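**Student:** Each chain, written out:
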Amino acid sequence: MDLHKILREIAFYSTGITVAFVVAGLSLILMGHDILKGYYTLFFTSFSSLSGISLTILKFIPLLLMSLGFAIPLMARKYNVGVEGQFLLGAIGAVTVAFSLSSLPGPILITLILTGGVIFGAAWALIPALMLYKFNVNEIISTILLNFISFYLVDYIATGPWRDVFAGHPMTLPIPDQGILPLIIQNPQINMGFILALLFPFLAYLYVYRTVRGYELRAVGANPRASMIFGINTNYIAPLSLIIGGMLSGLAGSIEVAGLHYRLIEGMHSNYGSLSILIALICKGNPIGVILTSFFISVIEIGASGMQRTMGVPVELIFIVEALILLFILMADVVKARKK
Amino acid sequence: MSEVIALMEQIILYLKYVLLTTVPYILAGLGMSISGRSGIFIVYNEGLMLAGASATFLTTYLTGGDIFLGLIAGISIGVVFGLIMAYFTVTLKLNQFVIGLALFIMGLGIGNLMYKLVIGVVLVPPRIPLLQDVYIPFLSDIPIVGPVLFQQNILFYLSILLALIIHYFMFKTAWGLNFRSVGENPKVADSMGINVFLIRYIATVLGSVLIALAGSYLPLAFTGTYTESIVGGRGWITIALTLFGKWSPLLIMLGSMIFAGTEAFVYRLQVAGLALPYQFLLMVPFLVTLVILIQVYRRAEMPQALGRPYDREAIEE
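Residue numbers (the working numbering), protein chains in the order written: chain U, 48 to 387; chain V, 32 to 348.
One thing to keep in mind: the hints can contain errors.
[Claimed, not checked] Some chain V residues flagged as far from chain U (calculated, every beta-carbon gap over 10 angstroms): (1) Leu38; (2) Val49; (3) Gly140; (4) Ile167; (5) Pro174; (6) Leu229; (7) Ile261.
[What the hints assert, rightly or not] Think about it this way: if two alpha-carbon atoms lie no more than 25 angstroms apart in a straight line, the pair counts; the simulated DMTMM-like pairs of lysine to aspartate or glutamate are: (8) V:Lys47 with V:Asp164; (9) V:Lys147 with U:Glu313; (10) U:Lys386 with V:Glu344.
Since the hints were derived computationally from the structure, they do not count as laboratory data. None of these values were measured; they are calculated from a predicted model. C-beta atoms are modelled at their ideal positions from N, C-alpha and C, and glycine is treated no differently.
Chain U on its own, in the form it takes in the complex:
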């Protein structure tokens, strides 16, 4: 890719993003707020304090892993809307391991907690993967239905034997201390999950662009019929990509337990599912683009909570703007294609 092409790409992307934020600004004016204060709060709350940085990173970790979990199946043109449920199953896996093996020493327990998350997430994705493989069931619907089932599973476990009876909201007791992810930086507080999460976009990049399996994945996404004719066993590629997506989302769930909440909490998936879908679609599944976009979305999510806290602007406004970013970028793509 030459420089001219990259600049062109950046120009179209920034136009799309800018238009979305102009809409945000206009809505702020309509709602009677100070637009400059709004923009400032939106973009700089993350960087204005140490806790802001720490909160941004804590949001960035699950978003990065889950948007990768959506991005990899996207290569095979599959829409893994189930990242949310896979994340929750990962969290369930983490607490299950933590409570069952609570006497193990720290490093081993942490490794097993994270592995538990990966396995539970993969197992949850195995269901839509098998339905796709055996009966060609559309993965959007099957994974969404499994999300709803996972909400009830979390509720069941959070009110089960491990329940924290003194908490007002369904949640389990905290996991043992030695199962908690160690901090790598004290101020701002950043835990080991950050480094771990950052590894995966690069691994994903190597997998997708530098291995035969990754090549097959992209080939099936680009042209399933041609791939079949040229001898790629297309049947298992897409289901396998869903399982990889489940592993990544499950890992996100276990890091969320071991690095942030230290327990399973009903509703802990927040709006991660929708956001990670938007992130992956905005950067068209590019594993390296996912890093930048996840970080950007984390920053404005922290900014949006800041706006709600200090200015009384509902966070949903920014949620809509995030969807608009995707729509405007897609529009910019069409313009770009026509200008060629």
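Position chain V relative to chain U; hints supplied.
**Tutor:** What follows is chain V alone, placed relative to chain U:
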């Protein structure tokens, strides 16, 4: 004897309740059927239904209980969503699933944002009046059938009528044949002089209006209030029901009734105090839908050009 009468009353109440809960599935399923038959696969039901519920609730609340204006507000949201969807997928020829997911997320945001802007965060949620039951003269007096079928709210009658009308239009008229050809083979339809783009625009907008109305129904018929979880997965379940009904109005209606019947039965079990934890009972509708999906896809029958943009200049595949 009195026990028999009591049981009969229970059954009548149950059936009446089942039909009451069927309405949103039918309306949204019809919406999916109309747009799908023209080749547009809508996946934003869940989001649009929430936006529709919010718009209807707020308008009814602000006008002091004017349900008609509330419904108009719901319809308007549907028109806006339909136009956006059609513009992006028909005119710009972008991927229907991607745009659908973006609109799904937008619908969630819009529904909750409007409510927060108008009502804010309050301890006691405001209420609106519920839809009244309309008694059909003579018919509502028939024993058993009367109370079940002819003592329902106006949107129930509307949804049944619409299912019949749309079915007749699609399968019994020449217009319907033209309409379906757009979703089966747009190239042939185009060569026969049918305006593929216009029909897809109209179908997407009409479909979205019905989906939004399905959302409007929820606060008007069930709760009288608006909550973030008011749709609670019904939008996604509708997609499965539409596939189950092979995109045909009457089959979708039948499937919706069977599904709503199962759902209501499960809640009855819950009330009756079954030994199973309530979370597992609440999972049942979703599990049932998953099983339905497997059955459906074994014999997948869909409009041939579903999900694919039509490009006049494209070379034949």
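**Student:** Checked against the structure, which of the hints given earlier come out wrong?
**Tutor:** 3
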